[in-house]
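Construct the complete structure from the given sequences, taking the supplied hints into account.
First to last, the protein sequences are chains A and B.
Under the working numbering, read the first sequence as residues 32 to 438, first letter to last.
Under the working numbering, read the second sequence as residues 442 to 738, first letter to last.
A hint or two may mislead.
To be verified - Residues from chain B shown here face chain A by an in silico Cβ test under 8 Å; the list is partial: (1) 532; (2) 536; (3) 537; (4) 541; (5) 665; (6) 691.
Keep in mind the hints are simulated off the structure, nothing from the lab.
Beta carbons are placed, not taken as given, at the ideal position from N, Cα and C, and that holds for glycine.
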Amino acid sequence: MSTLSYSACRPRSGQRPSTLLLALSTAMASSLCIAPALAGGHTITPEVSFTLQALYADMAAGERHISGFLPEGHAHGCNPEKLCLDHSEFGLAANLTPTLRASGSVIFVDAEDKGEVEELWLQQVGVLPGVSLKAGRFLSELGYANSQHPHARDFVGSSLMNSVLSGSHLIHDGVQMKWLAPTERFVEVNAELAKKSDNSPKAWSLGAHLGDDLGTSHAWRAGLTYLHAKPVNRAGHVDDSNEVEAHTTFTGTSKTWVADVLWKWAPDGNSKERHLKLQAEYFHRTQDGQLTCEDNRADNGACIGTTSAFRSKQSGGYAQAVYQFMPRWQVGVRYERLDSGTLDFSLPIELATYKPSRHSVMLNFSPSEMSNLRLQYNRDTSMQGAPDDQWLLQYVQSFGAHGAHRF
Amino acid sequence: MRFLIILNLALLLGLTPAHAKLTVLACEPEWASLVAELGGAQVSVSSATHARQDPHHIEARPSLLAQARRADLLVCTGAELEAGWLPLLQRESGNPAIQVGTPGYFEAAAFVTLLDKPQPGQHLAGHVHTAGNPHLHLNPHNLVPIARALSQRLQQLDPTQAAFYREKGTDFLARWQAAISKWEQQAAPLRGRNVVVQHGSLAYLLRWIGLQVVADLEPIPGVEPSVNHLTSLASSLRPGAAIAILRTPYQAARPAEWLASRSQIPVHVLPYTVGGNTAAKDLFGLFDSSLRVLTAP
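Right, dumping it as structure tokens:
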């Protein structure tokens, strides 16, 4: 991975900023005063990165939703037949001391023509042996794909599973603790506590992952995570029985289990020429609370502002395989299926039981280590009665310091 | 009872009393071999990568994280060679002892002068290391200051065995200097001859021996050999324009062999690091074997 690095004009080591904002402002101040980096030394070296993500989508016009599921969290989309720069990212990170790291990123939300702080955190490594603490805004370790940055994903867009769980990915404002056991086999436990989460004001999660090698050519990781969230007036919008858009709010408890498995193969452990990546995730979620449908009679809607008890038991997941058959070229297939399961409520809205699914194939070419050109076809039957054949062309180009990608 | 619980908890968290042996994780096999030379029976060393892996393209996979978690010392090349995976390995290990800037992290590149450092303002095409060429272990003279510094680091981390490490270090350097003299005699006939390479992986070895690079299979550093580039090389290289096309065990055989069949220049696979062929069992074997391959008729 080639990197460009700059060091601050004045040494700033030894500072221990007490708050996240101070840390980030320190890092930003440093980056404004750039000079060619010297190897070693004790200057803070801010890592500045920019990721351009351009997408052209050929898909059915009009808003699409996943039938049988209430929309969750924040989703930003790209309009069909239009080139968009959704989720282009500007990032800044720095090691403030050997064990204290600050990182932040701002993403460009094309649909709303604005920037959004995606991540902003401080991480202290080795609070106790093997224990790392992260505080601030961060991507949750829920499953595997949730903590991947969009430009690091193997397919364009979020999985249906991640879409119904959090819009695109679950982001917490809170603290995260990770503990790696001092064992020969990889055993990692993580716990998260969110004061403000993507889709609810309070949430906590607990997860564990195991992993190891099998011979020199295989490596795997598998885990289970439990997420407990308490949404308050979580907004959604669905069609009502008059086929008029209705706004809903949900207050209650959401309990989610996510299982994830990852298997990688590379001949002799050398992934440069050829490698295979198998990835699957499955979730099961129960929701219990109150659902309100806001009055939309002014638009000839059927909702009159009533609140109903709401219970659901839903599940789903995906499995995908990505194969690099020669340097720079990858092909992938993905199958996704959800089950709206049992839905229990009494409101005049369209939330029928349905099994949304989607098949995708993709071809990826990397002109350089810093860029990807990806063509993807989706057969999308996630919206009841409106199957869609979608063609997506994505171009990702990274500039500057580009952090390592996770396993 | 309560004491036992606390003890168990302490064991679980890894708060065990100082280990009898120093646990060392090397990023590449050459450093594992050097640690074994300098630490002998007092260290337990493993390598994160092996000779058939490209050290640029490694992932911080679970088994490596588990090893990094338990390491007292991490010995790496630095100079951005491991930029794609090492920072993540250090951070995700949760091990405060091996972070950059702590005594538990040893970076070999800090003790030698790097080749091919880009000039300020130079356009950086493809995969260029801004710090310079990191494949620095292939000049045996570089191993001298690195071995000295590494021996001191072992003494610092495990002071009770300092005398042992000092003795091992002195012994290694004496054997190493003698070996360098021998290798330089063996390599003398190669001085000034031409070779074709793939990537700058062998630059230090070639510069030390005095071999001239007349062509590179990679059009731009880090970019795979393309058909266009190979075709143009095949048409420009006359038989005898170089004594060999050189590659490492982790680089694909096909581009080099294709060019060999067109240009009548033979391909030699150099071990590159410890374990790169059966003869390269340690650092001495690595250079013995490299020179044997290069001087083979």
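Requested in this report: Double-check residue 537/B for me: the hint is only fine if its C-beta lies closer than 8 Å to a C-beta in chain A.
Outcome: Result: holds, 3 Å to nearest chain A Cβ.
Query - Supplied contact hint for residue 532/B, tested at 8 Å Cβ to chain A - result: holds, 6 Å
Report task. Under 8 Å, Cβ to Cβ, is where residue 541/B needs to be relative to chain A, so tell me if that hint holds or is violated. Result -> holds, 6 Å
Query raised in the report: Measuring from the C-beta of residue 691/B to each C-beta in chain A, is the shortest one below 8 Å?
Result: holds, 6 Å
Query raised in the report: Can residue 536/B be said to touch chain A, with a Cβ gap under 8 Å?
Result: holds, 6 Å
Query raised in the report: How about residue 665/B: closest beta carbon in chain A under 8 Å, or not?
Result: Holds - the Cβ of residue 665/B comes within 8 Å of chain A, reaching about 5 Å at its closest.
In terms of the numbered hints stated before, the structure departs from none.
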